[in-house]
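Join these two chains into a complex; the hints should help.
Each chain, written out:
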Amino acid sequence: MKSSPNSFPMKIFTSKSMPHTADPSLPPPGKRPCPFCKQGAMWIDHKDYPTLKKFTNYFSAIKKRYYTGVCLRHQKMLKTAVERARFMGIIAYRK
Amino acid sequence: MPTTLPSTTDNTRIYECMVLLSMQLSEKELTQSLRALDQLFEERGGKKLKQDAWGRQGLAFPIKKHREGQYMVFLYELPPGAAQAIDSALRLEKAVLRHLLIKIPKHYEFVTFVDRAAAWEKEKEKVMQEREQEREEALKQKIVHQATKAIVTKDLPSSPLLGGEGSIDEKLTELISDEDLHL
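If you read the protein sequences in the order shown, they are chains A and B.
Numbering follows the numbering used here, in which position 47 of the first sequence is assigned residue number 47; successive positions increment by one, without gaps.
Numbering follows the numbering used here, in which position 9 of the second sequence is assigned residue number 9; successive positions increment by one, without gaps.
These are calculated hints, taken from the structure and not from any lab test.
Keep in mind that a hint or two might mislead.
Unchecked claim - Anything over 12 angstroms on all C-beta distances counts as not near chain B; from chain A, calculated:
id: 1; residue: Pro28
id: 2; residue: Pro29
id: 3; residue: Cys34
id: 4; residue: Gly40
id: 5; residue: Ala41
id: 6; residue: Ile62
id: 7; residue: Tyr67
id: 8; residue: Gln75
Claimed, not checked - Result set (BS3-like, lysine-lysine): computed pairs, CA atoms no more than 30 angstroms apart in a straight line:
id: 9; chain 1: A; residue 1: Lys79; chain 2: B; residue 2: Lys126
id: 10; chain 1: A; residue 1: Lys31; chain 2: B; residue 2: Lys126
id: 11; chain 1: A; residue 1: Lys53; chain 2: A; residue 2: Lys79
id: 12; chain 1: A; residue 1: Lys95; chain 2: B; residue 2: Lys64
id: 13; chain 1: A; residue 1: Lys79; chain 2: B; residue 2: Lys65
id: 14; chain 1: B; residue 1: Lys106; chain 2: B; residue 2: Lys47
id: 15; chain 1: A; residue 1: Lys64; chain 2: B; residue 2: Lys122
id: 16; chain 1: A; residue 1: Lys79; chain 2: B; residue 2: Lys28
id: 17; chain 1: A; residue 1: Lys64; chain 2: B; residue 2: Lys124
id: 18; chain 1: B; residue 1: Lys28; chain 2: B; residue 2: Lys64
id: 19; chain 1: B; residue 1: Lys126; chain 2: A; residue 2: Lys38
id: 20; chain 1: A; residue 1: Lys79; chain 2: B; residue 2: Lys124
Claimed, not checked - A short, non-exhaustive set of chain B residues, derived as facing chain A with CB atoms under 8 angstroms:
id: 21; residue: Leu20
id: 22; residue: Leu59
id: 23; residue: Ile63
id: 24; residue: Trp120
Yeah, the Cβ is synthetic: ideal placement off N, Cα and C, and Gly gets one too.
The shape of chain B in the complex, shown without the other chains (with noise of 0.2 angstroms):
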């Protein structure tokens, strides 16, 4: 569930941080980097409010040679005049590959990768079950229409256009030799 953020105080400015890692960092690199990210802030007079591990993600192209990464979002509260100073170290890390550092927006809220995709999912099935029910409509009234065509079909009079009472040719050889006829 989202979470709104407590007001900060006239000096500090909430941030979320957005950090791309490697996939090739082995268990204990990676919680080497997570720590150094953390001492990162916290030298500068941040402090950790919330953070989300996407895990393992595929990239929408290639970053410094890699197809795959994990993410990691944190909300720092810090002085601003450490923003800039936290940005540039951060380019530096090595285990980092893309880094984005903003000032939240008003009414911002705090949604989990696994909320988000809960989400996400239920919504997929909605959609899904709306299409289904519009798809049997559809063929009902399909199957309607064509009982309907088929009872109309057996009701219409014989005419001998369609075949009814003898064949066209026939009915015409009787009207031309109709003597009553005056062509």
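Chain A extracted, bound-state conformation (with noise of 0.2 angstroms):
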């Protein structure tokens, strides 16, 4: 990238090299790894509070796995335990 002395380098973004998500450190949705799968993950814990949250968006919806890169397996799973979390009133229905 050129940028001229007197001028901060300001990045131009096409289309083709227009960031997907603020941190750039992530690859593109779609092709993102599964979390529980590098974690050797073989159930999900209704009781895990910290861990259904990272997964669940402002109005507590589970979060598509187009965007957090889990697998089918683990998506399944995900589901039975926020819907266990919030039969027992740990997670919201709906915020």
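Here it is in structure tokens:
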């Protein structure tokens, strides 16, 4: 990237080089690795609030696996865990 | 630390029972209700393996007009037929706001609430430290860039466009008044 000596190096984004997220270190959505597979998780605990919170959005709906990168096997486990946590009043059904 | 559970016999299974108790109970009532729960399991051939009290917790939404409650997690070894009877008996308990009786999955690890909270705190601290490091690095880069920018502007040769030697108007009049120039 060229930048003149007098100006601050401004990034010019074209449609191709436009960043997909605020965090450029993340791979693009749809190509993210499963965080549970990385850990080798065999099951997801419904009592584990910090973990479940990461995979729910502001309205406490489960985030799409396209964005989180969770594989289908773990997404199904996550769904069961979130439903159980909601029943017990750990997570809200809807904010 | 998570602990793995001993393998059960063919006639029994390990169940996890999570119970949400009311906060309005006095200490005496609480011990009574816990004893009643123990009795309920023992009557049906249950054997307690683990117990974990979460203490006072806020609820995500009001349950039976309660905004706070105390969670209790039990691990019981039960004969398979007893689970349904216990489930229906727990519904009749007055002190119990909600309960969840599930068969534990494979590779289950029992983690206490205190351990999980400590691990969460550690993770939070780690993330905060990483963010701080990133911020410091960004600040360093900015300072270096500003320093290099200052050096480059100093070394630039003085040009008439920047107002180094006379104004642009003077230069233009000089050029136009040149006799050798045939326009």
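Status of the hints after comparison with the structure:
1. Pro28: Answer for Pro28 of chain A: holds, closest chain B Cβ roughly 21 angstroms.
2. Pro29: Non-interface label on Pro29 of chain A holds, nearest chain B Cβ at 22 angstroms vs cutoff 12 angstroms.
3. Cys34: 17 angstroms, holds
4. Gly40: 10 angstroms, violated
5. Ala41: Ala41 of chain A not clear of chain B: closest Cβ-Cβ about 9 angstroms, inside 12 angstroms.
6. Ile62: Ile62 of chain A is indeed farther than 12 angstroms from all Cβ atoms of chain B, at 15 angstroms.
7. Tyr67: Tyr67 of chain A clear of chain B: closest Cβ-Cβ about 20 angstroms, beyond 12 angstroms.
8. Gln75: The claim stands: Gln75 of chain A keeps its Cβ more than 12 angstroms from every Cβ of chain B (closest is about 16 angstroms).
9. A:Lys79 <-> B:Lys126: 28 angstroms, holds
10. A:Lys31 <-> B:Lys126: At roughly 26 angstroms apart (the allowed maximum being 30 angstroms), Lys126 of chain B and Lys31 of chain A satisfy the hint.
11. A:Lys53 <-> A:Lys79: Satisfied, since the Cα-Cα distance of roughly 12 angstroms is no more than 30 angstroms.
12. A:Lys95 <-> B:Lys64: Holds, at about 18 angstroms.
13. A:Lys79 <-> B:Lys65: Since the Cα atoms of Lys79 of chain A and Lys65 of chain B sit roughly 27 angstroms apart, the hinted pair holds (cutoff 30 angstroms).
14. B:Lys106 <-> B:Lys47: Satisfied, since the Cα-Cα distance of roughly 20 angstroms is no more than 30 angstroms.
15. A:Lys64 <-> B:Lys122: 28 angstroms, holds
16. A:Lys79 <-> B:Lys28: 38 angstroms, violated
17. A:Lys64 <-> B:Lys124: 24 angstroms, holds
18. B:Lys28 <-> B:Lys64: 22 angstroms, holds
19. B:Lys126 <-> A:Lys38: At roughly 19 angstroms apart (the allowed maximum being 30 angstroms), Lys38 of chain A and Lys126 of chain B satisfy the hint.
20. A:Lys79 <-> B:Lys124: 25 angstroms, holds
21. Leu20: 6 angstroms, holds
22. Leu59: 4 angstroms, holds
23. Ile63: 5 angstroms, holds
24. Trp120: 5 angstroms, holds
Of the numbered hints listed earlier, those contradicted by the structure are 4, 5 and 16.
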